[in-house]
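Enquirer: Take a look at the letters that make up each chain.
4 protein chains.
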Amino acid sequence: MVGNTFGHIFRVTTWGESHGKAVGCVVDGCPAGLDISSEVIQRELDRRKPGGRLATKRKEEDKVEILSGVFEGKTLGTPISMLIWNKDVDSRPYEEIKDLLRPGHADYTYLAKFGIRDWRGGGRASARETAARVAAGAIAKHLLARFGVKVGGYAKEIAGVSCNVDGMSFEEIVEKAEKSDVRCPDSEAAKLMEERIIEARREGDSVGGVVEVIVKNPPAGLGEPVFMKLDAYIAYAVMGIPAVKGVEIGAGFEAARMKGSEHNDPIVIKNGRIGFATNNAGGILGGVSNGDDIIVRAAIKPTPSISKPQRTVNFRTMKEEEIVVKGRHDPCIVPRAVPVVEAMVSLAIADAMMLQGLIPRCLQG
Amino acid sequence: MVGNTFGHIFRVTTWGESHGKAVGCVVDGCPAGLDISSEVIQRELDRRKPGGRLATKRKEEDKVEILSGVFEGKTLGTPISMLIWNKDVDSRPYEEIKDLLRPGHADYTYLAKFGIRDWRGGGRASARETAARVAAGAIAKHLLARFGVKVGGYAKEIAGVSCNVDGMSFEEIVEKAEKSDVRCPDSEAAKLMEERIIEARREGDSVGGVVEVIVKNPPAGLGEPVFMKLDAYIAYAVMGIPAVKGVEIGAGFEAARMKGSEHNDPIVIKNGRIGFATNNAGGILGGVSNGDDIIVRAAIKPTPSISKPQRTVNFRTMKEEEIVVKGRHDPCIVPRAVPVVEAMVSLAIADAMMLQGLIPRCLQG
Amino acid sequence: MVGNTFGHIFRVTTWGESHGKAVGCVVDGCPAGLDISSEVIQRELDRRKPGGRLATKRKEEDKVEILSGVFEGKTLGTPISMLIWNKDVDSRPYEEIKDLLRPGHADYTYLAKFGIRDWRGGGRASARETAARVAAGAIAKHLLARFGVKVGGYAKEIAGVSCNVDGMSFEEIVEKAEKSDVRCPDSEAAKLMEERIIEARREGDSVGGVVEVIVKNPPAGLGEPVFMKLDAYIAYAVMGIPAVKGVEIGAGFEAARMKGSEHNDPIVIKNGRIGFATNNAGGILGGVSNGDDIIVRAAIKPTPSISKPQRTVNFRTMKEEEIVVKGRHDPCIVPRAVPVVEAMVSLAIADAMMLQGLIPRCLQG
Amino acid sequence: MVGNTFGHIFRVTTWGESHGKAVGCVVDGCPAGLDISSEVIQRELDRRKPGGRLATKRKEEDKVEILSGVFEGKTLGTPISMLIWNKDVDSRPYEEIKDLLRPGHADYTYLAKFGIRDWRGGGRASARETAARVAAGAIAKHLLARFGVKVGGYAKEIAGVSCNVDGMSFEEIVEKAEKSDVRCPDSEAAKLMEERIIEARREGDSVGGVVEVIVKNPPAGLGEPVFMKLDAYIAYAVMGIPAVKGVEIGAGFEAARMKGSEHNDPIVIKNGRIGFATNNAGGILGGVSNGDDIIVRAAIKPTPSISKPQRTVNFRTMKEEEIVVKGRHDPCIVPRAVPVVEAMVSLAIADAMMLQGLIPRCLQG
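So the protein lines, in turn, are chains A, B, C and D.
Residues in the first sequence are numbered from 1 upward in steps of one, following full-length UniProt numbering.
Residues in the second sequence are numbered from 1 upward in steps of one, following full-length UniProt numbering.
Residues in the third sequence are numbered from 1 upward in steps of one, following full-length UniProt numbering.
Residues in the fourth sequence are numbered from 1 upward in steps of one, following full-length UniProt numbering.
Check each hint, because a few of them may be wrong.
The list treats identical chains as interchangeable, and a pair is accepted whether it falls inside one copy or across any two copies.
[What the hints assert, rightly or not] The calculated DMTMM-like cross-link candidates involving lysine to aspartate or glutamate, where the alpha carbons are at most 20 Å apart (straight line), are:
#1 K259 x E203
#2 K21 x E60
#3 K49 x E178
#4 K21 x D35
#5 K270 x E321
#6 K49 x E39
#7 K270 x E320
#8 K308 x E262
#9 K319 x D99
#10 K21 x E65
#11 K308 x E322
#12 K270 x D99
#13 K21 x E39
#14 K259 x E322
If you're looking for bench data, these hints aren't it; they were derived computationally from the structure.
Can you build the whole structure from these sequences, using the hints too?
Expert: What follows is the structure, encoded as structure tokens:
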């Protein structure tokens, strides 16, 4: 569970630099006998793909190739290797500024850690790396669906504009979000968000927001206390996504301002089974899922690449300079972050279900 | 890194139920040759200990015994086993309600996961478990201090009252916090916080808050991208603490409302070295520490044990009932949570430093 | 799975030095709802206990205390902490030679690794550490028995004397071995073995041997290829026991001298199911159990502590000296190693079964 | 450290089926700044490559492509993804027997574990998988060489013929072995070995043998007691290689027949430093390297694919049948196993050195 591998039983290892030959991943521990095709994976990759009028101009097909682990349309229980070639690579804008440390980026910290960095397109620290996460997450999501568990997300907030989903079902939220350029199911809010994104781009600036992901119909009993609690594991999964600065579950930071009598979810009988009258817990109590929807929110910082001039340092000359980051960037990464957060949550839930023995190692017919 | 073990090289495994014989932990991977005494550990345990006019009436000495791994005042590099006997145990109030699922607690989820639970004092899901974390964290903190890294925390917010630390140094914050009953360095805010806690107790209710922990003087280069980023690892460490519902780094959720030009920390030359003009990043960029202070905040929910009547279910009769939780509880857990968050952050940082090779396996004289 | 922790889902962490306060372990991941009592554990500890006319004179009661994880006679699914106090400790013979590196021991290598060592009774490198393994293994063995899997062992060879078990059933082997002072089910061989041990002791020397452990009735499908194959995992488990210098499965090293047509086990129908006419594979093919008995053998070196004078070095003066190791030692560790090998094999099999989903996390009534 | 991943800090994940599109691996945790080229890796792959008059007729170029982790000739500290396309694939001989379980193979056990298998060329259980290990091992070996540690091996025994290396230096052994078709440095033994292999092939049979690998000039202090002892870790690494049935260190099984006074290596002063007069320990004491050569031997079973008729079962009809395995197979896998054992030992040693902090995360100039 270190470095470039995530998971315990259902595990993924990702690799690849933004402007290298390819990015890819190896999914190990997926149960054998799962029907799978590259379409299932491609669908999720297409959701994350650059493009659209609000996004970067880099045009990547992001076509996935499955190299192993699948035989006659079914998983073998052996590692599934997937590869996406990098095609539309233009490293020139990066070459000009390769000695300048881009503010808000990993340029300085990668140098501090590794003493060397691939400056082309951000190298390994580029958000392009998340394509491999989405490919792996697509398998996890597909596996979860087979067990009746659904994972969906949307832009809860962008540039200070909040989205209101009161009264919408999970299906409505997900469906409406997918139809929106900003992945916001509330059409009024979506319009405002778009305006603010366009305005930020015009100013050579960028904006951030909040992604919410919901796990619908999870089983109770997931999570490994006391350290690998389900919420801790989800926090680990989500905070490790580029640009995420905060993670909360259920009422989250708002819980800090509530009284116990307000925050505690009353326990009730629902359809003859134990359930909860409210869901401030976000589906997790004592680090273990309670069977209610799992609600996760991630704070996404504004895209660090902006064309406004910024103060920085040339690490070779050790002199302060001004930098203007060109390249091709999203003024707001939030809409494209939605499938990435979904992917990481799906990976965590699939692994937790396998750890709890709720998904067998070998699926039947 | 699953279940009851935390860490990769510097690792801790904790054990124990609230009303069992004892709680304890095994710290494995601590470098050999570290001067250590039980006083170092006791000091941190005393900070977490129940007591004080705002806290539970359970009176535990929480005296730690070191059973292995230390020889002639130095660590051997072998596992350090520590044990704290449970002494002031009174399980009667729990016996009366052992078939009722306490709202906000792990009663239901532990049953769902394990099919059995130790109902006495919350068993393994009790916050008493964190005593073992603090004991282990004390060793991590002590080790970090030897390498010039300090970890300190305080109550940033309680019951909606915020604390202002503008202009205070790390040392001042820590010192003033320790002198306050609520661990808040801002004496005016502290007074208000106390009032709200006392009021909540009077109402048979409880309040929550926010803990901030600062890592002073960390080395740059910590964190293992892409999954075990330093912020992801800290989020994992902190979200796994009982009652934590959210974790943020640096500007955190506020970052979601900032523009790139506001959020990006300008890179500058400070004392001849590369540094940052501001610290919205909270000391972490691209998942790797940048050498600046690491800033972590945790949202703590209100104590779930309240004496106000609540709706719940008797899981044996499957009937809805009303519950009044007696026992001995803190109306606000935030002040006692401070050393626990510090402990978990210390464990994560010590492990990350060892993974990065910045702390040798064997310390010299 | 590093250092002092073994296992992935069913895990044990051991701690303790030979002449420290105690030795112990924490078993994490044991399914909830398993009936357990300290007698089950004590029985296995008694098999490993020093004593008997061929063994060390150190007299340890080795009485185990369960400190957590068990409630009303059943496991909770939480960590089971077990502790054995060190009582009959006499460090004086070690004090005299504490600057001399005992040949065949870890004295030099622990110094090289840790820069410090607890010289009293070998400290952490003492075989006393295996008491904690046996305690943990006893739980694993007990769990396996519930699923119809039995683990038993015996001294296959001591001081060059081989034991013949042809025609004996698993039950006979185990039963007869337990009645023998050398744990050898072949009474003639046993007599010879004893003579050689007594002779070695008289000469101030020691002898080694081979332990064989059989897993009876294992399920097919255990093992995680390609690296954590079941045989690889067992080899890891067994080679990590003090004094083991070789591990083999089934035909083992003899396989190297066979032809394919001799070594391949013919596949046949047995009782309407797929089976094998012979068992050269030792129950494992391609790293996965085939349902046949798993056969493991471990080469145990002669006890390194001998009273014959040996050449060594005083690491403080860096001068060569002669050493005579006093203390209280077994002239042959093989009989007491049998329960230790069983324990490690049991731990590996229990973990492999949980990984394969064949033992649920929560046992029913 | 489960399934298809090996290692803790220096880690490799392999993937690929014998007759799938490709095989490959991801090496994670390799230090940054290591000079590397595909030639370094190709050289080792060529040593394992099919071909030569004693080997399978499958002709694979085994050309490695590096897809990530290397920039301008140096490692980045990020995952190194390597890929080898499968080219000379002929699945027809496997199609005819796809319902018959090949004796000595994983056919039955993979079905038992996964319920599905890729029958083409043995799928994931094919020794072709080891190409990916050798690619990863080549990087480990190259890294070790930079720190003065060399790893080399040879065929110690084939078909009952032993090789005598008395008086040869490490360099001589390695050099002479590489010049021999059977990788045996003793030319007389080599001739006999070849004869026996050719004879076995003529008979439609196969033979096995023993591989010895030597680690020259390892540092003292490697290994993580008590479970991840260096010998345990090596045993894990080597026993997980297809066809290995036994592993021994130093005197190995022979130690079981020695007396303590014979087996204990006298400790002496050599060139002003502590050393050992003999090396029965095989360079490891108490699970930690002592600085002497590390000696590992692996028992390799005879190739299970033989053209002699064998008894087996058709798992669809559940009837006993006779099987003749065609395909293209080595009558003796031992010579080609040498670089595989070297690879696994190199991976274990590199990881152990990083765990001990003896190889930094970031190499300088």
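Enquirer: Taking the hints in turn, state whether each one holds.
Expert: Results for each hint:
no.	hint	in the structure
1	K259 x E203	between (43 Å within a copy, 10 Å between copies)
2	K21 x E60	within (13 Å within a copy, 23 Å between copies)
3	K49 x E178	within (13 Å within a copy, 50 Å between copies)
4	K21 x D35	between (29 Å within a copy, 19 Å between copies)
5	K270 x E321	between (63 Å within a copy, 14 Å between copies)
6	K49 x E39	within (14 Å within a copy, 35 Å between copies)
7	K270 x E320	between (63 Å within a copy, 10 Å between copies)
8	K308 x E262	between (45 Å within a copy, 11 Å between copies)
9	K319 x D99	within (11 Å within a copy, 56 Å between copies)
10	K21 x E65	both (14 Å within a copy, 10 Å between copies)
11	K308 x E322	within (10 Å within a copy, 60 Å between copies)
12	K270 x D99	between (61 Å within a copy, 18 Å between copies)
13	K21 x E39	between (23 Å within a copy, 18 Å between copies)
14	K259 x E322	between (49 Å within a copy, 18 Å between copies)
The earlier numbered hints are all upheld by this structure, with none contradicted.
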